[in-house]
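Colleague: Sequence:
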Amino acid sequence: MLSAKKVLQFQKIIYAHYKKHGRKLPWRPPALKLRKDKILNPYKILVSEVMLQQTQVSRVIKKYPLFIKEFKTGRALARAPLSKVLSVWSGLGYNRRAKFLHHAAKKIIEKHAGVLPRDAETLMTLPGVGPGTAGAVMAFAFNTPSIFIETNIRSVFIHYFFPKRKKVSDKEILQLIKKTIDNRNVRDWYYALMDYGVMLKEKHKNPSRKSAHYVEQSPFKNSNRQVRGEILKLLTQHKSIPKQKIKKYIKGNQKYINSALEQLLKEKFIRIKNNVVTLA
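Residue numbers (our numbering): 114 to 393.
FYI, nobody ran anything at the bench for these hints, they're computed from the structure.
There could be a bad hint or two in this list.
Dumping the calculated DSBU-like pairs for lysine-lysine here, alpha-carbon to alpha-carbon at most 35 Å [unchecked claim]:
(1) LYS224 with LYS381
(2) LYS176 with LYS146
(3) LYS280 with LYS291
(4) LYS292 with LYS323
(5) LYS368 with LYS356
(6) LYS291 with LYS175
(7) LYS175 with LYS316
(8) LYS125 with LYS323
(9) LYS118 with LYS133
(10) LYS360 with LYS386
(11) LYS149 with LYS291
(12) LYS185 with LYS219
(13) LYS334 with LYS316
(14) LYS284 with LYS316
(15) LYS356 with LYS379
(16) LYS133 with LYS279
(17) LYS323 with LYS137
(18) LYS358 with LYS368
(19) LYS368 with LYS334
(20) LYS323 with LYS119
(21) LYS176 with LYS133
(22) LYS358 with LYS386
(23) LYS292 with LYS379
(24) LYS356 with LYS197
(25) LYS379 with LYS361
(26) LYS132 with LYS146
(27) LYS334 with LYS176
(28) LYS364 with LYS379
(29) LYS368 with LYS352
(30) LYS323 with LYS358
(31) LYS197 with LYS358
(32) LYS119 with LYS219
(33) LYS346 with LYS292
(34) LYS381 with LYS182
(35) LYS316 with LYS137
(36) LYS334 with LYS292
(37) LYS316 with LYS292
(38) LYS220 with LYS118
(39) LYS334 with LYS185
The structure displayed is predicted, hence computed values, not measured ones.
Work the whole structure out from these sequences, hints included.
Modeller: Laid out in structure tokens, this is it:
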């Protein structure tokens, strides 16, 4: 059983590190200003959280300001053509996230009068928003108690509570997150947890490797993902291109061209008519 004393001790360790080594990031205060009601711009938080899915902070830091400069509001993003959104997103990878974010902005305008929902259940009806992203938006935008997990948080709990276990499930970790959360200051608590997790990964072998759900990411070079990205980037530069000419532009493994085109067509990224490929 986790005693109140042990919870307090754990919180003191996490906050002590955060006080000295908290990261300054463009989607955190003071770079992102708190409103009088203590809310952080929900649209900008949603953008940052979608970008941070499966992407290192160092890469997002470079792209996030450019994206926000181009699409200052959710309405600006919703009005933009997909080709423009993909062009600005280029370099972050996993382009379906850009498409989901674009569609989410449209849905927020159409279904929610341009206001990002404040409950996790409704947030998860938005394209590309799962439990983790919804929980993060609740915590960071609205400072509302929510229980979610991501890679750095996972590392903290595995390192601190399961030092000798080889396989730890997210279900076990989520129970501990619920028991140790600082409900009075949810936003800073999750910032502190994440920053402590970053430190652990720098000083120790990634604790998340002991997660029962850990899967090593496959190489990007010469992968199907690389070819998908190259095709989409090509189509943001050209309105259309004959299918047979795509091959000469692809630097990755060309054996993936047909499968990449089939996937992009199925996901409604592209259209193919009379063997001419265009963005949907």
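Colleague: Against each hint, give a clear statement of whether it holds in the structure.
Modeller: Checked hints:
1. At roughly 22 Å between alpha-carbon atoms, LYS224 and LYS381 fall within 35 Å of each other, so this suggested pair holds.
2. For the hint pairing LYS176 with LYS146, the CA-to-CA distance comes to about 19 Å; that is within 35 Å, so the pair holds.
3. Between LYS280 and LYS291, the direct Cα distance comes to roughly 20 Å. Compliance with the 35 Å bound is thereby established for this hinted pair.
4. For the suggested pair LYS292 and LYS323, the alpha carbons sit about 21 Å apart, so the restraint of at most 35 Å is met.
5. The hinted pair formed by LYS368 and LYS356 meets the criterion: a straight-line CA distance of about 14 Å does not exceed 35 Å.
6. Between the alpha carbons of LYS291 and LYS175 the distance comes to roughly 33 Å, so the proposed pair stays at or under 35 Å and holds.
7. A hinted pair counts as satisfied when its Cα atoms are at most 35 Å apart, and LYS175 with LYS316 qualifies at roughly 25 Å.
8. With a CA separation close to 25 Å, the supplied pair LYS125 and LYS323 stays within the 35 Å bound.
9. Simply put, LYS118 and LYS133 have alpha-carbon atoms about 23 Å apart, close enough for the 35 Å limit, and the pair holds.
10. Only pairs whose Cα atoms come within 35 Å are accepted, and LYS360 paired with LYS386 is accepted, the gap being roughly 18 Å.
11. As the CA atoms of LYS149 and LYS291 are separated by approximately 28 Å, the hinted pair is consistent with the 35 Å bound.
12. Pair hint LYS185 plus LYS219 holds up; C-alpha atoms about 14 Å apart against a cutoff of 35 Å.
13. Proposed proximity of LYS334 and LYS316 is supported: the alpha carbons are some 28 Å apart, at most 35 Å.
14. Distance restraint check for LYS284 and LYS316: the Cα-Cα separation of roughly 26 Å lies within the 35 Å cut-off, and the hinted pair is therefore satisfied.
15. Our distance criterion of 35 Å between C-alpha atoms is met by LYS356 and LYS379, whose separation comes to about 16 Å.
16. Taken as a hint, the LYS133 and LYS279 pair is honoured in the structure, with Cα atoms around 31 Å apart against an allowance of 35 Å.
17. Restraint check: the Cα-Cα separation between LYS323 and LYS137 comes to about 29 Å, which is no more than 35 Å; the hinted pair holds.
18. A threshold of 35 Å between alpha carbons decides the hint, and for LYS358 with LYS368 the separation of about 15 Å falls inside it, so the pair holds.
19. Restraint check for LYS368 and LYS334: satisfied, since their Cα atoms lie roughly 13 Å apart, inside the 35 Å limit.
20. This hinted pair checks out: LYS323 and LYS119 have alpha carbons roughly 23 Å apart, not beyond 35 Å.
21. Taken as a hint, the LYS176 and LYS133 pair is honoured in the structure, with Cα atoms around 27 Å apart against an allowance of 35 Å.
22. The hinted pair formed by LYS358 and LYS386 meets the criterion: a straight-line CA distance of about 14 Å does not exceed 35 Å.
23. Note on LYS292 and LYS379: the hinted pairing is violated, with a Cα-Cα distance of about 43 Å set against a maximum of 35 Å.
24. Under the criterion of a C-alpha separation no larger than 35 Å, the hint pairing LYS356 with LYS197 is consistent with the structure, at around 22 Å.
25. Note on LYS379 and LYS361: the hinted pairing holds, with a Cα-Cα distance of about 23 Å set against a maximum of 35 Å.
26. Straight-line distance between C-alpha atoms of LYS132 and LYS146 comes to about 19 Å, which keeps the hinted pair within the 35 Å bound.
27. Between LYS334 and LYS176 the alpha-carbon distance is near 21 Å, which keeps this suggested pair within the 35 Å criterion.
28. The straight-line distance between the Cα atoms of LYS364 and LYS379 is roughly 23 Å, inside the 35 Å bound, and the hint therefore holds.
29. Restraint check: the Cα-Cα separation between LYS368 and LYS352 comes to about 24 Å, which is no more than 35 Å; the hinted pair holds.
30. For the suggested pair LYS323 and LYS358, the alpha carbons sit about 46 Å apart, so the restraint of at most 35 Å is broken.
31. Proposed proximity of LYS197 and LYS358 is supported: the alpha carbons are some 23 Å apart, at most 35 Å.
32. Under the criterion of a C-alpha separation no larger than 35 Å, the hint pairing LYS119 with LYS219 is inconsistent with the structure, at around 46 Å.
33. The hinted pair formed by LYS346 and LYS292 fails the criterion: a straight-line CA distance of about 45 Å is larger than 35 Å.
34. Taking the CA atoms of LYS381 and LYS182, the gap is near 27 Å; set against the 35 Å cutoff, the hint holds.
35. The suggested pairing of LYS316 with LYS137 holds, with an alpha-carbon distance near 20 Å, which does not exceed 35 Å.
36. Taken as a hint, the LYS334 and LYS292 pair is broken in the structure, with Cα atoms around 42 Å apart against an allowance of 35 Å.
37. Simply put, LYS316 and LYS292 have alpha-carbon atoms about 26 Å apart, close enough for the 35 Å limit, and the pair holds.
38. For the proposed pair LYS220 and LYS118, the alpha carbon gap of about 45 Å is over 35 Å, so the pair is violated.
39. Proximity of LYS334 to LYS185 is assessed by CA-CA distance (about 33 Å); at most 35 Å being required, the pair is judged to hold.
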